[in-house]
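Start from the sequences and build out the full structure, keeping to the hints where you can.
Chains as they are written, first to last, in our numbering: chain A, 4 to 360; chain B, 4 to 360; chain C, 4 to 360.
By construction, these hints were calculated from the structure, which means they are not laboratory data. None of the values given here were measured: they were computed from a predicted structure. Warning: the hint list may mix true and false statements.
Since the list can't tell identical chains apart, any single copy or any two copies may satisfy a pair.
To be verified - Here are the simulated lysine to aspartate or glutamate pairs, EDC-like style, with alpha carbons at most 16 Å apart: (1) K105 - D149; (2) K118 - E27; (3) K192 - D314; (4) K310 - E186; (5) K10 - E302; (6) K118 - E186; (7) K144 - E59; (8) K10 - E201; (9) K10 - E341; (10) K336 - D349; (11) K10 - D206; (12) K10 - D214.
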Amino acid sequence: VTAVKTKPKTTAGNFFDSFHLGQEIRHATPRTVTTGDVAIYNALYGARFALQTSDEFARGCGLARSPMDDICAFHIIFGKTVPDVSINAMANLGYADCRFLKPLYPGDTINTVTKVIGLKQNSNGKTGIVYVRSTGYNQRKETVLDYVRWVMVYKKDPASPAPDPVVPDLPSVVSADSLVVPEGLDFSKYDTVLGGSEFLWEDYETGEKIDHVDGRTIAESEHMMATRISENNARIHFDDYGQKPTRYGQRLVFGGHVISTARALSYNGLANACFVAAINGGRHVNPSFGGDTVYCWSEILDKAEIKGRRDVGALRVRTVATKDRACADFPGKTADGEYDSSVTLDLDYWVFMPRRV
Amino acid sequence: VTAVKTKPKTTAGNFFDSFHLGQEIRHATPRTVTTGDVAIYNALYGARFALQTSDEFARGCGLARSPMDDICAFHIIFGKTVPDVSINAMANLGYADCRFLKPLYPGDTINTVTKVIGLKQNSNGKTGIVYVRSTGYNQRKETVLDYVRWVMVYKKDPASPAPDPVVPDLPSVVSADSLVVPEGLDFSKYDTVLGGSEFLWEDYETGEKIDHVDGRTIAESEHMMATRISENNARIHFDDYGQKPTRYGQRLVFGGHVISTARALSYNGLANACFVAAINGGRHVNPSFGGDTVYCWSEILDKAEIKGRRDVGALRVRTVATKDRACADFPGKTADGEYDSSVTLDLDYWVFMPRRV
Amino acid sequence: VTAVKTKPKTTAGNFFDSFHLGQEIRHATPRTVTTGDVAIYNALYGARFALQTSDEFARGCGLARSPMDDICAFHIIFGKTVPDVSINAMANLGYADCRFLKPLYPGDTINTVTKVIGLKQNSNGKTGIVYVRSTGYNQRKETVLDYVRWVMVYKKDPASPAPDPVVPDLPSVVSADSLVVPEGLDFSKYDTVLGGSEFLWEDYETGEKIDHVDGRTIAESEHMMATRISENNARIHFDDYGQKPTRYGQRLVFGGHVISTARALSYNGLANACFVAAINGGRHVNPSFGGDTVYCWSEILDKAEIKGRRDVGALRVRTVATKDRACADFPGKTADGEYDSSVTLDLDYWVFMPRRV
Chain A
4 VTAVKTKPKT
14 TAGNFFDSFH
24 LGQEIRHATP
34 RTVTTGDVAI
44 YNALYGARFA
54 LQTSDEFARG
64 CGLARSPMDD
74 ICAFHIIFGK
84 TVPDVSINAM
94 ANLGYADCRF
104 LKPLYPGDTI
114 NTVTKVIGLK
124 QNSNGKTGIV
134 YVRSTGYNQR
144 KETVLDYVRW
154 VMVYKKDPAS
164 PAPDPVVPDL
174 PSVVSADSLV
184 VPEGLDFSKY
194 DTVLGGSEFL
204 WEDYETGEKI
214 DHVDGRTIAE
224 SEHMMATRIS
234 ENNARIHFDD
244 YGQKPTRYGQ
254 RLVFGGHVIS
264 TARALSYNGL
274 ANACFVAAIN
284 GGRHVNPSFG
294 GDTVYCWSEI
304 LDKAEIKGRR
314 DVGALRVRTV
324 ATKDRACADF
334 PGKTADGEYD
344 SSVTLDLDYW
354 VFMPRRV
Chain B
4 VTAVKTKPKT
14 TAGNFFDSFH
24 LGQEIRHATP
34 RTVTTGDVAI
44 YNALYGARFA
54 LQTSDEFARG
64 CGLARSPMDD
74 ICAFHIIFGK
84 TVPDVSINAM
94 ANLGYADCRF
104 LKPLYPGDTI
114 NTVTKVIGLK
124 QNSNGKTGIV
134 YVRSTGYNQR
144 KETVLDYVRW
154 VMVYKKDPAS
164 PAPDPVVPDL
174 PSVVSADSLV
184 VPEGLDFSKY
194 DTVLGGSEFL
204 WEDYETGEKI
214 DHVDGRTIAE
224 SEHMMATRIS
234 ENNARIHFDD
244 YGQKPTRYGQ
254 RLVFGGHVIS
264 TARALSYNGL
274 ANACFVAAIN
284 GGRHVNPSFG
294 GDTVYCWSEI
304 LDKAEIKGRR
314 DVGALRVRTV
324 ATKDRACADF
334 PGKTADGEYD
344 SSVTLDLDYW
354 VFMPRRV
Chain C
4 VTAVKTKPKT
14 TAGNFFDSFH
24 LGQEIRHATP
34 RTVTTGDVAI
44 YNALYGARFA
54 LQTSDEFARG
64 CGLARSPMDD
74 ICAFHIIFGK
84 TVPDVSINAM
94 ANLGYADCRF
104 LKPLYPGDTI
114 NTVTKVIGLK
124 QNSNGKTGIV
134 YVRSTGYNQR
144 KETVLDYVRW
154 VMVYKKDPAS
164 PAPDPVVPDL
174 PSVVSADSLV
184 VPEGLDFSKY
194 DTVLGGSEFL
204 WEDYETGEKI
214 DHVDGRTIAE
224 SEHMMATRIS
234 ENNARIHFDD
244 YGQKPTRYGQ
254 RLVFGGHVIS
264 TARALSYNGL
274 ANACFVAAIN
284 GGRHVNPSFG
294 GDTVYCWSEI
304 LDKAEIKGRR
314 DVGALRVRTV
324 ATKDRACADF
334 PGKTADGEYD
344 SSVTLDLDYW
354 VFMPRRV
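Right under this line is the structure:
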């Protein structure tokens with residue numbers, strides 16, 4: 004066999020020194036979401052939020068049909084960015100300013116575009132932090148959601164010059180004023196019995212903590228299927244053999260799988276939190292592995308009225324997930340400011356909930 | 004952090020002393036079923052009954068399209084009752100008088116309502132038996148199916164007074180006269196080649212036993228996905244960590260997963276048993292766990308003509324499932340009246356099958 | 004219990020001595036494919052070929068919507084033949100002359116018909132080789148695909164006479180002239196950014212080798228779900244208990260699962276290889292088991308223009324999959340003509356790829 008000289012066809016993805024400020028990346032693999040995707044998402048998480056599971060219930064709330072679960076939409080839009088943004092990341096550092104602007108419906112086609120909004124080389128000269136704003140569009144070019152994340156990425160050539168450091172100014176919390184209630188939504192006839200809880204926006208108080216009680220054990224194939232729904236191709240989640248020599252010795256669970264599991268578990272205590280309106284920030288505190296059991300608890304961080312609306316309000320919620328540890332005593336940060344070793348996720352977000360009318 | 008005093012938001016579910024005779028419970032989480040749910044059900048069980056897998060075949064039998072698998076419909080309607088009826092159950096004691104009245108089609112939305120029809124406290128004063136009739140409706144308020152089950156549930160307060168004992172009078176077998184043939188169904192041009200077997204209603208005899216030959220090993224994620232399709236949230240099936248201190252030391256497989264697996268395996272021997280018409284009774288004799296291999300066999304208990312129909316008849320079938328034991332010798336109850344230790348399920352039901360015309 | 008004498012209802016399937024030359028078998032279980040099946044296929048393989056994941060992208064290429072993945076269509080058509088052709092096979096020996104003639108779309112209903120085109124008893128008198136041509140049709144009786152395979156099957160009665168040996172003359176490669184471009188397909192405005200690679204037909208050279216880099220670990224439930232999507236009921240894939248006494252001691256992964264995994268991994272390097280046009284041949288070199296990690300590499304064996312088309316060309320690709328071994332050095336046959344022990348699959352096929360216009 005004679006060696007053929009052509010350009011290598013395999014994409015290695017971008018490294019820190021591949022990015023430049025202001026760069027815009029149109030991501031590959033547009034995706035039409037279907038009731039099939041919804042069904043798999045339900046089979047993986049067993050979410051019971053009535054608005055997302057019943058077209059009739061959604062119509063009773065003024066929508067044309069059940070929208071897709073917001074977190075699922077987030078994962079799909081996120082997943083497209085992985086091959087270009089984080090395939091060479093050594094750490095996913097944070098999220099900010101994520102707003103859900105338009106529900107995603109079965110039949111919609113999603114595209115994602117990312118803009119590089121910050122770059123800062125680390126002092127070791129081998130890695131740097133890339134800040135990106137990614138936007139998911141539907142087939143009508145309407146923005147479905149928009150968010151910022153920052154990742155630590157390896158440099159391809161450690162000798163390449165450091166860019167001028169630019170760190171974007173990011174809000175620690177999405178302003179309640181900027182939350183967007185889905186078009187047409189009307190909670191004035193919301194059915195709390197079918198919704199699964201008598202508790203509405205008025206019944207929650209800032210500072211209140213809720214143990215979501217139930218636990219869910221993560222099966223290997225479930226987290227891999229979940230990761231593939233969003234076409235997230237990060238090797239670390241799929242290649243158990245390749246992970247053997249690493250410090251974990253096995254494949255890691257996609258962080259989004261823990262978010263989705265926690266969101267589904269939070270139904271017991273937040274059953275009427277129909278929509279995720281924004282993600283203020285989030286941290287994957289510890290990795291999860293197949294066989295771990297996820298528990299979680301939530302704290303109400305804030306409440307906000309929605310301008311011009313008597314039927315819907317917003318709750319700012321912090322949900323903390325653990326592994327192999329029940330959450331009756333709300334494990335989080337300990338006195339020394341460190342997280343309890345069981346904590347895997349600390350997520351800060353806004354939800355919409357019907358008000359008492 | 005100051006403790007906030009509000010009503011606890013988490014539902015603990017009902018205990019024996021929460022129920023009262025005649026009580027009606029509208030269950031949460033209405034559910035629109037889709038071709039996505041059908042696809043997952045097929046991927047989990049590999050059912051090959053032609054009427055449920057081909058829209059064209061269903062149209063050839065007078066239906067508008069393929070209906071959902073009856074047992075899947077049963078699980079979805081059943082699942083809604085779990086948070087209110089059996090989340091605090093220590094045992095699922097039995098089923099009776101279950102009739103399938105209307106096929107469920109993709110696009111239909113299901114609601115379930117339950118009525119408490121019996122209550123009997125146990126002599127230990129700590130538990131009691133609750134008898135309920137649950138009814139699944141579609142979006143046109145048509146009854147899809149109706150069944151009775153009874154469960155042993157813990158009391159919340161052992162000191163609470165015992166209710167007057169009421170035990171409903173339940174039929175040991177659904178009368179063949181009350182079976183409802185799906186509207187429009189016409190088996191006069193049934194294609195036995197595509198159906199997968201030359202054998203029709205006339206070919207089966209009361210007392211005949213059939214070994215379904217094949218075995219299916221249960222994977223952990225499969226039984227959990229199956230359980231979530233029906234939004235059944237019983238902890239015992241999902242929380243492996245929480246189950247460690249129990250006598251089983253691990254999560255248990257949802258009994259419905261064994262029913263569905265056995266129904267799918269029964270195709271080899273009962274390929275033209277297109278519809279489940281009724282469930283007369285059933286018992287989960289032993290629990291199943293991930294890794295168990297399911298085998299099963301069936302016995303024809305009875306045959307019935309359907310009034311006014313020459314194209315369809317009913318067979319009363321008993322299907323017995325085992326774990327890790329082939330069924331060539333039809334293991335069931337032994338001479339001393341006890342079940343063979345391999346038996347996990349003993350189900351008594353009616354099916355519809357085409358007649359020779 | 005008195006024994007009832009009726010014909011046995013369980014199908015044992017065909018043995019070598021059940022087949023005769025020219026025999027035509029209409030297979031059971033017609034199947035309507037849906038967006039649910041597509042969603043599960045995507046969740047199992049994470050394929051990122053834009054044409055199959057976005058209806059909008061497909062419309063931009065002249066099609067009505069996204070067609071189903073070709074390999075998925077192949078598995079579904081193949082799966083129907085298993086109960087009649089290979090349930091008693093001791094080995095799946097080969098494939099040839101497989102052409103994809105019409106894309107399969109969600110909503111289509113598939114039937115498969117098989118013709119016996121060759122028979123040759125082995126000298127041991129206990130087994131024989133059956134050659135069959137299987138054809139998948141949609142509900143309009145249009146041929147979706149057509150292929151030949153040959154399997155070694157046990158005889159039921161070793162004393163039965165050997166048939167006259169007939170071995171069909173099969174092409175080692177499907178002629179490029181006979182490849183059929185999907186009706187309506189127009190690649191003149193193909194978007195390489197959304198497609199995921201800048202490389203088009205012109206950029207690949209015969210002899211070029213591509214390491215697809217990524218690895219995917221096979222989970223037990225994933226390969227079983229994949230096998231059931233196609234209603235393939237071969238026991239060897241499902242019955243772990245029954246496999247314990249065999250030389251493998253456990254269930255084997257359906258060979259098609261490895262093909263689909265390799266096809267999905269090949270996206271990284273062949274992102275614009277939108278359609279599989281033909282399968283020239285293939286061999287499952289070694290069995291795979293749950294827990295194995297699949298890697299693969301490809302070689303461009305040939306290139307062909309398509310008569311009358313400037314927008315699309317064909318590449319003949321050989322994809323070799325391994326288990327637990329990365330493919331940077333392209334493991335295949337060693338100097339002595341034997342396969343490296345890590346190799347599980349050696350597949351030779353044609354793909355269509357857009358040309359530079």
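Legend entry - Status of E341 relative to K10 across identical chains (alpha carbons, at most 16 Å): So K10 and E341 fail the 16 Å test inside a copy (49 Å) and across (30 Å) alike.
Inset, instruction - Pop the pair K105 and D149 into one bin, within, between, both or neither, using alpha-carbon distances up to 16 Å. - result: For K105 and D149, the Cα distance is within 16 Å only inside one copy (10 Å; across copies 39 Å).
Inset, instruction - Go through the copies and call it for K192 and D314: within, between, both or neither, with a Cα cutoff of 16 Å. - result: within (9 Å within a copy, 47 Å between copies)
Inset, instruction - Pop the pair K118 and E27 into one bin, within, between, both or neither, using alpha-carbon distances up to 16 Å. - result: Within one copy only: 4 Å inside, 55 Å across.
Legend entry - Up to 16 Å CA-CA - E186 versus K310, copy category: within (14 Å within a copy, 51 Å between copies)
Inset, instruction - Have a look at K10 and E302 and pick one of within, between, both or neither, based on CA distance no larger than 16 Å. - result: between (53 Å within a copy, 14 Å between copies)
Inset, instruction - Can you give me the call for K144 and E59, within, between, both or neither, at a CA distance of at most 16 Å? - result: Result: close only across copies, 12 Å inter versus 27 Å intra.
Inset, instruction - Go through the copies and call it for K10 and D206: within, between, both or neither, with a Cα cutoff of 16 Å. - result: between (62 Å within a copy, 8 Å between copies)
Legend entry - Status of D349 relative to K336 across identical chains (alpha carbons, at most 16 Å): For K336 and D349, only the intra-copy Cα distance (10 Å) is at most 16 Å; the inter-copy one is 51 Å.
Inset, instruction - Could you place K10 and D214 in one of the four classes (within, between, both, neither) given a Cα distance threshold of 16 Å? - result: between (55 Å within a copy, 13 Å between copies)
Inset, instruction - Pop the pair K118 and E186 into one bin, within, between, both or neither, using alpha-carbon distances up to 16 Å. - result: Close neither inside one copy (27 Å) nor across copies (38 Å); limit 16 Å.
Inset, instruction - At 16 Å max between alpha carbons, let me know whether K10 reaches E201 within a copy, between copies, both or neither. - result: between (62 Å within a copy, 11 Å between copies)
This entry does not satisfy hints 6 and 9, going by the numbered hints stated previously.
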